[in-house]
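Participant: Sequence:
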Amino acid sequence: MFSDRLSTATGEKEYGMRAVTVSSFGAPAELTATDRPAPGRDELLVRVEAAALNPVDRRIANGDLRVRLPHRFPLVPGTDGAGVVVGMGSRVTGFRIGQRVAGRFDTPPLGRGCFAEYAVISAHGLVAAIPDGLSAHIAAAVPVAGTAAHCLSQWVGTEGRKTVLIVGAAGGVGSFLVQLAALHGGYVIATARRQDVERLRALGAAEVVEYTESVVLDQVTAGYPDGVDVLIDLVGTPAQFRVFARTVRPGGVALSTTASADATHLHRLDLEGGNFQNTASAGDLAELLRDIAGKRITAPIEHAVRLDDVPALLGRVRGGRGKTIVTI
Numbered sequence: 001m002f003s004d005r006l007s008t009a010t011g012e013k014e015y016g017m018r019a020v021t022v023s024s025f026g027a028p029a030e031l032t033a034t035d036r037p038a039p040g041r042d043e044l045l046v047r048v049e050a051a052a053l054n055p056v057d058r059r060i061a062n063g064d065l066r067v068r069l070p071h072r073f074p075l076v077p078g079t080d081g082a083g084v085v086v087g088m089g090s091r092v093t094g095f096r097i098g099q100r101v102a103g104r105f106d107t108p109p110l111g112r113g114c115f116a117e118y119a120v121i122s123a124h125g126l127v128a129a130i131p132d133g134l135s136a137h138i139a140a141a142v143p144v145a146g147t148a149a150h151c152l153s154q155w156v157g158t159e160g161r162k163t164v165l166i167v168g169a170a171g172g173v174g175s176f177l178v179q180l181a182a183l184h185g186g187y188v189i190a191t192a193r194r195q196d197v198e199r200l201r202a203l204g205a206a207e208v209v210e211y212t213e214s215v216v217l218d219q220v221t222a223g224y225p226d227g228v229d230v231l232i233d234l235v236g237t238p239a240q241f242r243v244f245a246r247t248v249r250p251g252g253v254a255l256s257t258t259a260s261a262d263a264t265h266l267h268r269l270d271l272e273g274g275n276f277q278n279t280a281s282a283g284d285l286a287e288l289l290r291d292i293a294g295k296r297i298t299a300p301i302e303h304a305v306r307l308d309d310v311p312a313l314l315g316r317v318r319g320g321r322g323k324t325i326v327t328i
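Okay, so the sequence shown: first residue is 1 according to UniProt numbering, each after it adds one.
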C-alpha cells in the first residue's frame, strides 16, 4: 500500500465507498461497499461525479483482456470518468486539490475503475482538466470515444475535400467522428439505422446510408464509382470489412476499429490504413474538452443512469447509440 505523502482536501483519511465490483471474471456485477483506493506516488485520487458506459468495460469484467494486462480483485470496472481531485501522490505535479478532471481510469492493474465514488488515475495518463462551464457529466463522455474519434479524424486531413465513409456511425465513437471529420472539411457518408438518420445529419453527415453490407456497397459504389477517399469501419467483422474496403479508391485509406483489417488484403487493393490503435494524448483530450466547452462539437449523450443501475447494464452494453452517462 502507498506509504508516501498523501494530501487530501480535508487532511483526513477515509476508506469507505460504494462501487460496482466483480468478484471474478464473468461473475455478476454487484453494487458493494469497499475500500477507498489510495493514490500511488504518480496518481490522483478523484471523487467521481460521473462516468460513462463503454463496451470495453464489459470486456474487462469478463476477462477478455486477462492475457494482455494484469487485473486485481475485487474488480471495479469503469473506464470513462470525471470528477474532483481530492488526493494526490508525492510525485504529482501539474494538478491541484479541488481541480475538476476527466480521463481514462484504466491504468494497469485493471480493476481500479470509476464505477465508484472514488477512483485513482495516473497523472501521466489520459487525464485533463475540465474547462470552466463544462459539466462533469458531459466531460465523462469524452475520454474513450472522443479521443478515438480524434485520432481517426486525423486520417481525413485538412488538404482538399475528402469523401469519408463511416460505417456504424450512430455509436459514441461514430457520433464524435462524424462531427470531427466534417470539422476537418470531410464530406461524410455515415451508415446507421433509419431512426438515426436525422441525428447524424444534424451532427454533420452529408449523406446517411442504411446499414447493411449489400446496401452500403451498392449505394456507395453507385454514387462514387471511383471510390471514396477514406473508410472508417467501427463495427464490421473481418468478412464485412473486406466488403466495405471495396468502396475505397486505390491509394485511399481503410481503417478498422474492431481488428478486422488484413494487411495483405489491403496491400492487394493498394490501400493504406489497417487496424486502428488509439494513441491519443492528454493534450488531445484537453483539446476535445475545449472544443465541447466552446460548442464547436457536442458530446453525444443519449441516456443517463445511476450507479445503482450499472450492474444490470454492464453485461448488455454495446456500441449502440451515443453515450450512456452514469451519475455517481
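Worth flagging that the hints you see were computed from the coordinates, not collected in a lab. A portion of the hints provided could be inaccurate.
As the list claims (entries may be wrong) - Have a look at the derived ranges for each label pair, beta carbon to beta carbon:
(1) Gln277 <-> Pro70: 12 to 22 Å
(2) Gly157 <-> Ala27: 42 to 52 Å
(3) Val305 <-> Gly223: 22 to 32 Å
(4) Arg268 <-> Gly26: 36 to 46 Å
(5) Gln277 <-> Ala239: 14 to 24 Å
(6) Ala286 <-> Pro70: 21 to 31 Å
(7) Pro225 <-> Ser24: 29 to 39 Å
(8) Ala293 <-> Arg268: 23 to 33 Å
(9) Gly283 <-> Gly157: 24 to 34 Å
(10) Ser135 <-> Arg66: 16 to 26 Å
(11) Leu217 <-> Ile97: 47 to 57 Å
The C-beta atom is built at its ideal place from N, Cα and C for all residues, glycine as well.
Participant: Could you run down the list of hints and mark each one as holding or not?
Facilitator: A quick look at each hint next to the structure:
{"no.": "1", "hint": "Gln277 <-> Pro70: 12 to 22 Å", "in the structure": "holds, 20 Å"}
{"no.": "2", "hint": "Gly157 <-> Ala27: 42 to 52 Å", "in the structure": "holds, 46 Å"}
{"no.": "3", "hint": "Val305 <-> Gly223: 22 to 32 Å", "in the structure": "violated, 39 Å"}
{"no.": "4", "hint": "Arg268 <-> Gly26: 36 to 46 Å", "in the structure": "holds, 39 Å"}
{"no.": "5", "hint": "Gln277 <-> Ala239: 14 to 24 Å", "in the structure": "holds, 22 Å"}
{"no.": "6", "hint": "Ala286 <-> Pro70: 21 to 31 Å", "in the structure": "holds, 28 Å"}
{"no.": "7", "hint": "Pro225 <-> Ser24: 29 to 39 Å", "in the structure": "violated, 54 Å"}
{"no.": "8", "hint": "Ala293 <-> Arg268: 23 to 33 Å", "in the structure": "violated, 45 Å"}
{"no.": "9", "hint": "Gly283 <-> Gly157: 24 to 34 Å", "in the structure": "violated, 19 Å"}
{"no.": "10", "hint": "Ser135 <-> Arg66: 16 to 26 Å", "in the structure": "violated, 35 Å"}
{"no.": "11", "hint": "Leu217 <-> Ile97: 47 to 57 Å", "in the structure": "holds, 55 Å"}
When each numbered hint is compared with the structure, violations occur for hints 3, 7, 8, 9, 10.
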